[in-house]
Amino acid sequence: MKASELAAFLGGTLEGDDVDIIACAGLEEARSGDLSFCKDPKHVKLVQGTKASTVLLPHDWDKGAPCPIIRVQDPNRACMAAAKLFAPPEPVRAPGVHPSAVVDPSVKIGEGVHVGPLTVIEKGAEIGDGAVVDAQVFIGEGCKIGAKTHIYPQVTLREGTIVGRECIIHCGVRLGGDGYGFNNGRREDGSVYIEKIPQLGIVEIGDGVEIGSNTTIDRARIGRTYIGPMTKIDNLVQVGHNVKVKGYSGLIAQSGIAGSTEIGYGCLIWAQAGISGHIKIADGVQVGPQAGVPQSLDGSVKYVLGTPAESMRDFGARTLLPRMFSKLKSDVKEIKQKLR
Amino acid sequence: MKASELAAFLGGTLEGDDVDIIACAGLEEARSGDLSFCKDPKHVKLVQGTKASTVLLPHDWDKGAPCPIIRVQDPNRACMAAAKLFAPPEPVRAPGVHPSAVVDPSVKIGEGVHVGPLTVIEKGAEIGDGAVVDAQVFIGEGCKIGAKTHIYPQVTLREGTIVGRECIIHCGVRLGGDGYGFNNGRREDGSVYIEKIPQLGIVEIGDGVEIGSNTTIDRARIGRTYIGPMTKIDNLVQVGHNVKVKGYSGLIAQSGIAGSTEIGYGCLIWAQAGISGHIKIADGVQVGPQAGVPQSLDGSVKYVLGTPAESMRDFGARTLLPRMFSKLKSDVKEIKQKLR
Amino acid sequence: MKASELAAFLGGTLEGDDVDIIACAGLEEARSGDLSFCKDPKHVKLVQGTKASTVLLPHDWDKGAPCPIIRVQDPNRACMAAAKLFAPPEPVRAPGVHPSAVVDPSVKIGEGVHVGPLTVIEKGAEIGDGAVVDAQVFIGEGCKIGAKTHIYPQVTLREGTIVGRECIIHCGVRLGGDGYGFNNGRREDGSVYIEKIPQLGIVEIGDGVEIGSNTTIDRARIGRTYIGPMTKIDNLVQVGHNVKVKGYSGLIAQSGIAGSTEIGYGCLIWAQAGISGHIKIADGVQVGPQAGVPQSLDGSVKYVLGTPAESMRDFGARTLLPRMFSKLKSDVKEIKQKLR
Chain A
1 MKASELAAFL GGTLEGDDVD IIACAGLEEA RSGDLSFCKD PKHVKLVQGT KASTVLLPHD
61 WDKGAPCPII RVQDPNRACM AAAKLFAPPE PVRAPGVHPS AVVDPSVKIG EGVHVGPLTV
121 IEKGAEIGDG AVVDAQVFIG EGCKIGAKTH IYPQVTLREG TIVGRECIIH CGVRLGGDGY
181 GFNNGRREDG SVYIEKIPQL GIVEIGDGVE IGSNTTIDRA RIGRTYIGPM TKIDNLVQVG
241 HNVKVKGYSG LIAQSGIAGS TEIGYGCLIW AQAGISGHIK IADGVQVGPQ AGVPQSLDGS
301 VKYVLGTPAE SMRDFGARTL LPRMFSKLKS DVKEIKQKLR
Chain B
1 MKASELAAFL GGTLEGDDVD IIACAGLEEA RSGDLSFCKD PKHVKLVQGT KASTVLLPHD
61 WDKGAPCPII RVQDPNRACM AAAKLFAPPE PVRAPGVHPS AVVDPSVKIG EGVHVGPLTV
121 IEKGAEIGDG AVVDAQVFIG EGCKIGAKTH IYPQVTLREG TIVGRECIIH CGVRLGGDGY
181 GFNNGRREDG SVYIEKIPQL GIVEIGDGVE IGSNTTIDRA RIGRTYIGPM TKIDNLVQVG
241 HNVKVKGYSG LIAQSGIAGS TEIGYGCLIW AQAGISGHIK IADGVQVGPQ AGVPQSLDGS
301 VKYVLGTPAE SMRDFGARTL LPRMFSKLKS DVKEIKQKLR
Chain C
1 MKASELAAFL GGTLEGDDVD IIACAGLEEA RSGDLSFCKD PKHVKLVQGT KASTVLLPHD
61 WDKGAPCPII RVQDPNRACM AAAKLFAPPE PVRAPGVHPS AVVDPSVKIG EGVHVGPLTV
121 IEKGAEIGDG AVVDAQVFIG EGCKIGAKTH IYPQVTLREG TIVGRECIIH CGVRLGGDGY
181 GFNNGRREDG SVYIEKIPQL GIVEIGDGVE IGSNTTIDRA RIGRTYIGPM TKIDNLVQVG
241 HNVKVKGYSG LIAQSGIAGS TEIGYGCLIW AQAGISGHIK IADGVQVGPQ AGVPQSLDGS
301 VKYVLGTPAE SMRDFGARTL LPRMFSKLKS DVKEIKQKLR
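Protein chains in written order, with my numbering: chain A, 1 to 340; chain B, 1 to 340; chain C, 1 to 340.
Mixed in with the good hints there might be a few duds.
To be verified - Computed footprint of chain A on chain C; a stretch qualifies when at least three of its residues, placed anywhere within it, have a C-beta under 8 Å from a C-beta of chain A: (1) 116 to 125; (2) 199 to 206; (3) 269 to 276; (4) 311 to 318.
As the list claims (entries may be wrong) - Negatives, chain A to chain C, calculated, CB over 12 Å: (5) E15; (6) D20; (7) P41; (8) Y193; (9) L297; (10) D298.
Claimed, not checked - Only pairs whose alpha carbons sit at most 27 Å apart, straight line, appear in this in silico DSS-like list of lysine-lysine: (11) A:K45 <-> A:K63; (12) B:K338 <-> A:K336; (13) C:K148 <-> C:K84; (14) C:K333 <-> B:K338; (15) A:K338 <-> C:K329; (16) C:K336 <-> A:K336; (17) C:K2 <-> C:K39; (18) A:K302 <-> A:K246; (19) B:K51 <-> A:K280; (20) B:K329 <-> A:K336; (21) B:K148 <-> B:K84; (22) C:K327 <-> A:K329; (23) B:K336 <-> C:K338; (24) C:K327 <-> C:K338; (25) C:K51 <-> B:K144; (26) C:K84 <-> C:K39; (27) C:K280 <-> C:K246.
Hints were generated in silico from the structure; no laboratory data involved. All C-beta atoms, glycine included, are put in the ideal place defined by N, C-alpha and C.
Take the sequences, apply the hints, and build the full model.
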């Protein structure tokens, strides 16, 4: 696309050569052929150093640029609009079941549903109106998928899993695997046994939930592992059996929630954090990156960090100790010399 | 199912309305339609607050309940029995190879084996009697699967992988991927090279092993990466090349074992713990959640915590320091004032 | 294979019985039937304790062995050569598209390309000369795969993903999933909203990159998530949207890089480390296992450890504090007694 065409599309004014634009990118990542943007004069150095072929700038920009520019009202918004032009077109998922899919005759498929190639849907499952089930998905017996939910390729839903409306389940997600539960001990003859505890429950996902690639959510031992509405889960997250996430919470990449724990409304569990089993995290609490939470958090502290998790102040004190310690040590040395 | 029918099935006595029961759940998770249970009067508040439609209680319960109750001898056991009634029925995996599976003619398939739809089994593989290989599995050349082992959908076994008898391999497990090994350096002309070290070994899984969803176990550089009998591995665990887990151990979710490390019998590696390469963890040692183990543990300490891992006492001392430090600091201040 | 045949193949001399050899393994892992090796007399105890059936030893070895031996010039090199004999043969991936694959007619397939069974390739995709696309892979619309790249089974590439030449993408890798991005807030009526931010960019992988099993790399919000040439990524790694890894770096198992962060050339991010979003790691910096990096690292410290990440010296000081503290405490006690 020509820069001049972009300028026209965005309601802006081109200054400089009418170059070809093939993609959008931030100022630092941009290469030849990219359109970038800057709204704030304090980033002038990034503009000066960019390799973009054209930069979107505000009307009153007076710092120059190393390439053609397009002046617009709101460079951020204009770049988002342009980005949509250059984004890979969203694949069309037309209604219908691909002939290579293996769908049990008893499956109930709603209006306008797309079922992709080489997908397996077992008996008794129900797919709601307007749902998209992409290629190579496995949907086990008796699963229920809500209307307008999108299941990306190579997801597996074990038997009995329930997914709400307007959910997005990304590639490689595993819902309903057996929870981790064993009885161990020694028999009378002294030999060790490890017995599997049957995992008889299901996974239930509320409306508007998004689940990132390769995340795993185990079925309950009894009852349900529950992910409440509008919860947004990132990639490679582990959710144990019988966990209850009330809703409107975020679980960031590689975090893990052990069995039977309850996460309140509006919580944010940051990347690589771990939360022990059988505890409760109060509504609105944030657990910082890599934190480890061994016991319930009642909400009196809104943000915890560290292992074991503590308030920001305590965490800071602990991590700053070495420096404070050196000072104290020299104080003591001084005193001792005086006392001699 | 009617509460009265459940009472009859469980050998108990119904008190209150004969409501409909559709599932089981813990007292706190329970909703309308659920059966719950309580055996201990100390949880009376949970009983009073439950939303269950019926609660299983012991014969001598005298604290009341906000819903119909069924009195039984052992509420826990009764609830487990009831849970089985409401659990999603275990899918029947009848013997036979689904016509959509792509199975090489040279594959040896035992008696009573189930091979699901769209599964690929390559040449020379052997599937033991009574094994279940679910839908969309990939079994590479020359793999051997033991009798009665269950492989869930979308597992991949790279060439040469050996799995024992009565194992359970959950969705998305990757066995036999190349270990991470490269030679780096600079050529005489100063340029950098990174060369892949061939990964010539295999993965061997003992009898009775269970492996959770999306866990990855790499093939050995030479020889075998070995997971000994009755080891129970949770979801999203990483096991590096040439690791040896002797047996009867547990690796909890998101833990990682680096290459060539040996884990003794009866160890427990808790969630998100990390264990360095080329070390040994003695029999029976437990590594706490998020711990990082840089060197061998000889078993003189049975439970380690923290990074670098240390005894519970040392870990406690370190995390309690800020508080102890404040006290000491004020002591020093006092002394200094006296000395002036 | 007979030990004598092996000796002849390796140009060595057999001493002892001509036993059967079926595999290679390290001295400690070896079992009956295995060939092992030792070049250094300081490992004589491992040789004495090995269960290998034959050991490769240097010509001047005079410490004996509990089994037949083969004397060779260089035992390490000889064992590597022998290991290749016993390794599972690399599966042949002959050129051609398996009839069960679902490949859109518009897909451009190069010379000598292998496409395995039950793989899906959507419209507009391009597969370079000599590439291997194994079974059950999903390649979305408009993806481009470079020449001689190998994609293992059950990988998914969402639409628009670009992979360079001579890359290796292991089982279960997810490229191009939506980045994690939401706008949250409260509406005027006080109700909470969580809106998905469209993820309009792509993932671009440079030449010679290797990506381990079940690793996830998200598509950019705008522009590209970029993994530069010769980067080697291990299993279960998370790479957020708009991350830029310049090249020649290693990301070890279960590490995570949050959105928009830049990793310089020649960096090494060790296992389970986490790196915050929107920061820069300078060329050549190493981030230790389980470290957490909250802010940019300019390269003045070459190796960081701990959370928050610090130099080795500071990390050591912090983890050694409890011991140093005890000493200081008793000093203070002594002083106080003197002052009384």
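Now the hints, each set against the structure:
1. 116 to 125: It holds, with 3 qualifying residues against the three required.
2. 199 to 206: Result for this restraint: holds, n = 3.
3. 269 to 276: Result for this restraint: holds, n = 3.
4. 311 to 318: Per the Cβ count (3), the hint holds.
5. E15: holds, 23 Å
6. D20: holds, 17 Å
7. P41: Label holds. Min Cβ-Cβ 20 Å, cutoff 12 Å.
8. Y193: Per Cβ check, Y193 (chain A) is outside 12 Å of chain C; nearest 26 Å; holds.
9. L297: Answer for L297 (chain A): holds, closest chain C Cβ roughly 19 Å.
10. D298: holds, 21 Å
11. A:K45 <-> A:K63: Answer holds: K45 (chain A) to K63 (chain A) is near 10 Å, not above 27 Å.
12. B:K338 <-> A:K336: Holds, at roughly 14 Å.
13. C:K148 <-> C:K84: Distance of about 22 Å is within 27 Å: holds.
14. C:K333 <-> B:K338: Roughly 15 Å separates the two Cα atoms, so the pair holds.
15. A:K338 <-> C:K329: Satisfied, since the Cα-Cα distance of roughly 18 Å is no more than 27 Å.
16. C:K336 <-> A:K336: holds, 11 Å
17. C:K2 <-> C:K39: Judged against 27 Å, a Cα distance of about 22 Å means the pair holds.
18. A:K302 <-> A:K246: holds, 17 Å
19. B:K51 <-> A:K280: Satisfied, since the Cα-Cα distance of roughly 18 Å is no more than 27 Å.
20. B:K329 <-> A:K336: The given pair, whose Cα atoms are some 16 Å apart, holds under the 27 Å limit.
21. B:K148 <-> B:K84: The hint holds at about 22 Å.
22. C:K327 <-> A:K329: holds, 10 Å
23. B:K336 <-> C:K338: holds, 14 Å
24. C:K327 <-> C:K338: holds, 17 Å
25. C:K51 <-> B:K144: Holds. K51 (chain C) to K144 (chain B) sits at ~24 Å (cutoff 27 Å).
26. C:K84 <-> C:K39: holds, 19 Å
27. C:K280 <-> C:K246: holds, 11 Å
The structure meets every hint from the earlier list without exception.
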